[in-house]
Structure formats: C-alpha cells, structure tokens
Amino acid sequence: MDDLYREIIIDHYKNPQHKGKLDESDFSFEDENPLCGDRLQIELRVDENQNVLDAKFDGHGCAISISAADLLLDSIIGKSIEDLKKLQKKDILDLLGIELSPVRLKCALLSLKVLKAAVYELQEANDDLT
Amino acid sequence: MNISKIKEDFPILERKIHNGMRLVYLDSAATSQKPRSIVQAMDNFYNQNNANVHRGIHLLAEEATQKYELARSKIANFVGVRDSSQIIFTRNTTESINIIARTWGRKFLDEGDVILTTEMEHHSNIVPWFSLAEERNLSIKFIQITNEGKLDLKHYQSLLKLNPKVVAFTHMSNVLGTINPAKQIIESAHKIGAITIVDGAQSAPHFLVRIDDLDADFYAFSAHKMCGPTGIGVLFGKKDLLEKMPPFLGGGDMIRKVTFNGFSTNSIPYKFEAGTPAIAQAIGFGAAVDYLSSIGMENIFAHEQALVSYAMELLSDIPGLKIIGPSAEYRGGIISFVIDQIHPHDVAQILDEFGIAVRAGHHCAMPLHEKLHLAASTRASLYLYNSRDDIDELKKGLLRVCKVFE
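The listed protein sequences derive, respectively, from chains A and B. Mapping to our numbering: the first sequence position 29 is 29, numbers consecutive. Every position in the second sequence, counted from 1, becomes a number in our numbering once 130 is added.
Watch out, some of these pointers could steer you wrong.
To be verified - List of simulated lysine-lysine pairs, DSS-like, C-alpha gap at most 27 Å: (1) B:K533 / B:K452; (2) A:K14 / B:K525; (3) B:K271 / B:K321; (4) B:K452 / A:K14; (5) B:K204 / B:K369; (6) A:K14 / B:K533; (7) B:K146 / B:K533; (8) B:K280 / B:K313; (9) B:K533 / A:K19; (10) A:K14 / B:K526; (11) B:K271 / B:K284; (12) B:K321 / B:K291; (13) A:K106 / B:K313; (14) A:K106 / B:K533.
Said to hold, decoys possible - Beta-carbon label-pair distances, calculated as ranges: (15) A:L93 / B:G450: 27 to 37 Å; (16) B:E500 / A:K89: 26 to 36 Å; (17) A:K89 / B:E459: 46 to 56 Å; (18) A:E82 / B:E500: 36 to 46 Å; (19) A:H60 / B:Y176: 47 to 57 Å; (20) B:N174 / A:K14: 50 to 60 Å; (21) B:K526 / A:D127: 31 to 41 Å; (22) A:S80 / B:K526: 48 to 58 Å; (23) B:K533 / A:K89: 23 to 33 Å.
No wet-lab data here; the hints were simulated from the structure. Quick caveat: nothing in here was measured; it's all calculated off a predicted structure. Quick reminder that beta carbons are idealized off the backbone N, C-alpha and C, glycines included.
Whenever a hint applies, use it, and build me the whole structure from the sequences.
The structure is reproduced here in structure tokens:
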C-alpha cells in the first residue's frame, strides 16, 4: 500500500496542477471508463510548431487515474504532437513509479487513451493506441 | 448460532493473505464461500457415481439420475415449492430471467405492452427486457425508489394503471440491501392480471423464501451465492406458464420425439434442460441447501440483521462516510457506502492490503447509481460466516483509508 499510495500519487490526486479547462484548445477529447464510473476530458493548446503550450484535464476518478492524468500532462508541456503519438504504457508506469494489477492498469491508462484520441483527432478512443 | 464453528466449515477462511493477514471476506453478495460438505458431495459424485443422467440403463447412470433429481426436490423444498417439476436448472439467475424474456416474453408480449421493473434492479433484470422491448416494441417503466432507498409503492400503484403485462422486481437489492415486500407487490400485480418475475439472487441465500406462498409466477436464483457451486441456478415457473412456453434451447433431453418432420417437447422441467446438464453442480447445490437448512434460514437472517445493525452503527461515525439505502430493519446483510473525496476503487484497494475483501464499482446496477448521482460505491456484504470481528476489522481498515487521504 505504501507503494501504491505513495505521497506523490496522493499529492497529485489532492492538488492536481493541470485540472481545469483551457479558454481555447486545439485538441480536445473526453471519454469514460464505465466500469469505474470515471470520466476524463483532456484539452491541449499548441504553438505554430505543434508543440504543447498548455494542457488541462477535467473529470473525476480514483487516485490512480487522476494522479496519472496530472503527471502525464505535466510531462508533455513543450513536447510536439508527434512525440505524444509515441507515448506508451511504460511511460505512464514510469511516471507513477508503481506496479499495477490489470484492473488498476485501466485506471492508470485512461488519461493516455484520452490523450491519444485527442491528438489523433479520433471520434472514439481506441485501446490499441495505449 | 456458533460463528466460530461455522467458520471452520469454510476452509478458505483459514487462508492467510498478503504476508499473513487473516482473510476478512465481505463480498458474499458477489459470490459466497463454500463449505467443505458441498465440495465433498461433488467430489464423491465424480469419484463414485459419475455418469450421464436420464435414459442410461446401468447402475452409475441410475445413481447419477437419482442424485440429480434428489437435488431438485431438496431445492424445491428449500424454497417452499411443493411440485418440484416447476424447478428448472439453469446456469444462474441471469440465464433464468433471459429464458423468461426469450420464451414467455416472445410468445405472449406484443407491440405496446408495458413491462414494469424497478430503479433498484441488477442489470440482469433490465437488459433482457430492453432487448425484448426493442424486438417487440414494448415499453419499460421503472418503479421509483424513495429517498431512503425503499421501493415507492405509491408510484407502483400509479404505474399499475398502465395495465402492465409483467412486473419484474428484485426481492432484495444487491446495492441498497433493501428487502422488497414481495407478497404485496405480487398481489397487486395479480389484481390487474400481470405476471410477476422475482429476482431472488440475493434473497434465497439469506432468508426463508416460500415461493408457493408468495404466489410468484417466476422466481430466479443462483447456487453460487448460497454456498453452492458456480454454473448452476434455478428458474421456478408456475406449471401452467411453463407448459404454455416454447422451449428455450433445442437438443437432447428436451424432446419427447423427433422425426424427419419435426419434434415434440418433453414434459417440464426437462423441456427447458436441453443437453447434458451441470450434474455435479446440481448435486453440490443440493448439498448447499442441506447445509443452509441444517443451520436454519431464520437463524442466518437473524444473525445477518444483528450484524448489519452493528456495522451501520460502527461505520456511521467515520468522517465523510455515507451509507446508501434504508435503515437496518428494512435490509439484509448488504452495506454500500461512499466516502467524501475518496474513490471506491481506492477504498477497496487499500482495504485489500489489510486482507479485507469488499467490492467497488456500480455492482451491475448502473441506473441505480445514476439515480443516486454516484459514479460508484463500495459494498461490504455479509453472510453466515461473518462475525463482529470482521466488522471491527472493516472499521479499522476504513480509518486507515481515511488516513492515507488525510
């Protein structure tokens, strides 16, 4: 438990830096994990070179999904949209620094799934991309 | 009731998990644990009597048939059904309700007919009706729940004015724990000529159910929630209804005669038991009702009611914790709750670290959670083998959960 609910995760859950909405966004996507009842929206603003200027998420979820979203968005500022397309499951797990059971993996990966759907400008989120 | 003696009947409860923690199992509404005697009954069958049932002209086949049919009569007796030909073996409650929708429903329901169900149903008593409604253009209405989580019987009476053909409801909610007044609901439905379908998945395991006395038209329940094995459940139907219904699956055992021109169906219950049934599981189910009867359903219910009152009182002083559903006197051994600012998945995960098994999510009742404006909840569910110690552990665990998120 000390591992899974490390201070950093509780911290990002209770005081997320990237929670909220952008006034204007270039990429946006919203999805839910109906099994948990979690809902997540991600908005991105990019500069003329397609590099991320700002990123916000909104919605509700468990400590794992919210802290993963916050850590993920923190890590992508300044990166290009093409970089975001290369993000993988491992990147999220590295950010969280924990190991997860298959059920909780879904919580951790919701933000990546939503982010990928946003940058690929998909109509529906696709599990394969994560 | 001697709980420590009962605990000894369940080998799994001796298991130590996560580096030596005692297992505190509070997830019996999902599936119950199994006493040694039911595993032995199934073992004995496989080791001594294994053969296919019906029609076999050899000793083992006769023994297998006799044991399988004995299980059927034991179960009929357990739920207060005098004629055991009305007890059909299915896979589980879900399959039982689907059979009603797909056979009785398809034959007897037509465009515009109304089905009543309730806001507190499990998906298994909603989705089969949505499927049928789409196919036949039926309309589904939901009997509302009151603020305290009981069925709104006034709203039920007003919906009966729509002349529904079916009233399908749960005897006990798997989330709120609410026990519904089945006899009264059935009586009102019969006054306007509706048939009644009762989801007994949570009731049959926990209190004495007398189906004949209730006068239910259909009643469904599963073995695995009542100390029995997975893979077997029951559909009770009144004889005249079952006889008028077309068969569900076609194949062996369900026929009387097959020619190159067609077939005629076997008598009930066999008409609805196509193919080789779950024989060992039926025998295990029979052993499970023997076990429950030896302790006494009245005793089990009284024990759970005492425990649920104790738990509700104990949990009520945890800061930010809110219990969903009615006061203890109206519920069985289920307590679902939410804690401010802490997601149920996190609650369940942290409790697991202390050896406490609860369930988190929507418990297959998404519409109910929508009604309650909740994304999910945490559920602790009790059975005969739970003791006050288990509730004390739950409280300790929940206080630790709160501390993690402090």
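Hint check results:
{"no.": "1", "hint": "B:K533 / B:K452", "result": "17 Å, holds"}
{"no.": "2", "hint": "A:K14 / B:K525", "result": "23 Å, holds"}
{"no.": "3", "hint": "B:K271 / B:K321", "result": "18 Å, holds"}
{"no.": "4", "hint": "B:K452 / A:K14", "result": "20 Å, holds"}
{"no.": "5", "hint": "B:K204 / B:K369", "result": "18 Å, holds"}
{"no.": "6", "hint": "A:K14 / B:K533", "result": "13 Å, holds"}
{"no.": "7", "hint": "B:K146 / B:K533", "result": "25 Å, holds"}
{"no.": "8", "hint": "B:K280 / B:K313", "result": "15 Å, holds"}
{"no.": "9", "hint": "B:K533 / A:K19", "result": "24 Å, holds"}
{"no.": "10", "hint": "A:K14 / B:K526", "result": "23 Å, holds"}
{"no.": "11", "hint": "B:K271 / B:K284", "result": "14 Å, holds"}
{"no.": "12", "hint": "B:K321 / B:K291", "result": "11 Å, holds"}
{"no.": "13", "hint": "A:K106 / B:K313", "result": "43 Å, violated"}
{"no.": "14", "hint": "A:K106 / B:K533", "result": "25 Å, holds"}
{"no.": "15", "hint": "A:L93 / B:G450: 27 to 37 Å", "result": "30 Å, holds"}
{"no.": "16", "hint": "B:E500 / A:K89: 26 to 36 Å", "result": "31 Å, holds"}
{"no.": "17", "hint": "A:K89 / B:E459: 46 to 56 Å", "result": "49 Å, holds"}
{"no.": "18", "hint": "A:E82 / B:E500: 36 to 46 Å", "result": "40 Å, holds"}
{"no.": "19", "hint": "A:H60 / B:Y176: 47 to 57 Å", "result": "49 Å, holds"}
{"no.": "20", "hint": "B:N174 / A:K14: 50 to 60 Å", "result": "56 Å, holds"}
{"no.": "21", "hint": "B:K526 / A:D127: 31 to 41 Å", "result": "38 Å, holds"}
{"no.": "22", "hint": "A:S80 / B:K526: 48 to 58 Å", "result": "50 Å, holds"}
{"no.": "23", "hint": "B:K533 / A:K89: 23 to 33 Å", "result": "31 Å, holds"}
In the structure shown, a violation is registered for the earlier hint numbered 13 alone.
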